[in-house]
Amino acid sequence: MINDLMQFTLFVLILIALVVPMGMWLARTFSSPSHARLERLTYKVLGIDPEERMSWKRYGMALLLSNAAMMGLGYLFLRIQNLLSFDPLGRSAQTPDLAFNTAASFVTNTNWQSYSGETSLSNFSQMAAITFLMMVSSATGLAAVGGFIRGLSRKNASDIGNYWVDFTRCTYRVLVPLSFLVALIYVWQGIPQTLDSAATVTTLEGAKQQLVMGPVASLESIKHLGTNGGGFFGVNAAHPYENPTPLTNLIHMLSMLLIPGSLTYVFGTVLMRRRQGWAFFAAYLVMLIGFLVIVYGFESAGNPLLTAVGADQRYTATQFGGNLEGKELRFGAGQTSLFVAVTTAGTTGSVNAMHDSLTPIGGLVPIAEMMLNNVFGGIGVGLINLITFAILTVFLVGMMIGRTPEFLGKKIEAREMKLVMIAVLAHPFSILGFTALAAIFPGTLQSLNNLGPHGFSEVLYTYVSGTANNGSAFAGLNANTPFFNTTIGFAMLIGRYLTLMPMLAVAGALAAKKTIPEGPGTLSTSSALFTGLLVFVVIAVGGLTFLPSLALGPIAEQLLMGAHQTF
Amino acid sequence: MRQQMQSVRQEAPVTAGLVRPVLISAGFFMVVTGLVYPLVTTGVSQMLFHRQAQGSIITEHGADVGSAIIGQWFTEPKYFHPRPSVTTGTDPNDSSKTVDQPYNAANTSGSNLGSTSKKLVDAVTGRVEAYRKENGLGPTDPVPVDAVTASGSGLDPDLSVANARIQAKRVAVARGIPEQQVLTLLDTHTHGPQFGMLGYPRLNVLEVNLALDNLALHTSGK
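These protein sequence lines map, in sequence, to chains A and B. Heads up, the working numbering is the position in the first sequence plus 515, with the first residue counted as 1. Heads up, the working numbering is the position in the second sequence plus 536, with the first residue counted as 1.
These are computed hints drawn from the structure, not numbers from a lab. Just to be clear, a hint being listed does not mean it is correct.
[To be verified] Once the Cα atoms are required to be at most 25 Å apart in a straight line, the calculated DSS-like pairs of lysine-lysine come out as:
#, chain 1, residue 1, chain 2, residue 2
1, A, 1029, A, 572
2, A, 572, A, 559
3, B, 633, A, 723
4, A, 723, B, 669
Owing to the predicted nature of the structure, the values given are computational and were not obtained by experimental measurement.
Based on the sequences and whatever the hints tell you, model everything.
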């Protein structure tokens, strides 16, 4: 127990220590006036003018269209993978609905997987389709937040920067070099990085064991740094080849929050409001720790139904206790709980244990974090989501005290509030709408792996994960059906672009406004009071929207588990 | 006002000149991030950490016997048994059927059963009974939770110390060696937390079983 708490503390301390240098590096990336030689070459190949200043509309259009082209290319590779590369394991091409789902999933930074990596993707697809889309979707998110912050920092301006420059720099200066370095640490710890597809060994008892492998480390590093989350293997980071040691587990978790966390520092630096950046960081951390306490409490307590049949779930000097179904011993209940809280905070969606087998309230935590969608949040979009709620908070407070709301020295008016509300509402609309649809769809029952309230949780988790662009799953649900592939595909696209585009529009609108001086009646948005209000609004809006659906799933299951009811 | 309206109209549409960079960016960045990056990483990794990059394969007496970090299935009493695994595979006798195949590293999965699943509780009940019988425990003795729950990957290479110490007696009897010798061997192969901080003490099943086999070789060689 003490050991677990020490590991949690260690994690938080390292994270805080990394936020400043990483934030400085990112801020430089966004604001440096000179282009590197490789970048100039790239601009020539693309045929763009790096000095062009783009309006938010043009910036957003370049983002949207290039994402569409990349998604198309990924779709194509997945559809013809059997023709493209010599795969010794002879894995066949994906079906149209599965390839649509996969391409939509990876281009939106969701990484929902209706397939299992080792049985359905060749090494070529793992690199040229999956690693490629992971890298560019994170560069897209990072570029978007660059443009967004720039928009907020400007006055009377008509542009928010140049999309191609932001995208290229994020790729060359941040994501590729960082992913390369982390990948080498991973290989040192035991993650394979090879073009071989498999090795066959003869076990001590004489059986054949086929060990599937491939270029895993290079995928694994961008998977976490870019808050992507899709695994090389079906069981994701629970697989020893994806996550062999407690150290790789720690680096996975730090990678997931590194960039989302640092962006609060970038925000503070670019806007010259350092305190504001730290206020946002504090809001993230408070929510993360709150969720961690809940999931760890329930997971380390274990499953009373298993104690009743003789399983010893106590913590002793020679064994780790807690609910170990679906968990790996190298992580135990402690590092798994932290991973659960972190992966659904950072909307990564990588898993180091099977979330479907978490205790009911332990499983409520990832669902709730994805419903809020801004406990750190995904690369780039997490900060945008938090600012969405910050604007909502100043608006609500402004209503209470009867003043025109201001944020960062700019008046928040009807147009901005309308856009903010589109972004706020698209999220529950997609989650609850699709969950309701699936609940009445007759084929859903055949896809469920669990019955009773947990079955409903499986469906709810699916659409929360898709819409929040998280990608983790209650993986018992068989989602590889035309109905699920298509609806989840749309949930991912809605969750990504219907929250991103309105907020780019907000940035564009705020950039065009003039700054008004702060007066005695201005609500300071960098105070502890505001951080508290912000967390309150996030939780109140999330709670009011989603509590009924949580009551039907995990909460009902918890109560029934207490009554020793099984399904 | 009218002038303003006109200037807006005269502006090029937002998509002007975007077609070329959009199309080229997809192909270009695919090559950079989907081919160059993973291939360079592969080259450097192979040079620096060849063994790990190839899957940490263990070779004993010229034969590949497993991976140092992937668990494998043991059923004989003379070996330590790993955690339950619920992976499946195609039936070797009938390729249209799927059968239980624990520790199948070509098709990983966990049970994905929730806490209130009847299937899960029944499975654990069965495993508890089998474990007690196999290791000579009484009908109410508690069984370490890792011995009766399936891991997430189905490939968990590790055991808890408590679980291994209970199995030591069975292994010693099957091998005809003193239990103390097996317990000493367990102590030498127990891995503490990484860097003294990360994780929990645990034992790698394949490593321990290989050590047992080597012990037998040395003894018979005397």
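Each hint, compared with the structure:
1. A:1029 / A:572: 20 Å, holds
2. A:572 / A:559: 23 Å, holds
3. B:633 / A:723: 19 Å, holds
4. A:723 / B:669: The hint is violated at about 28 Å.
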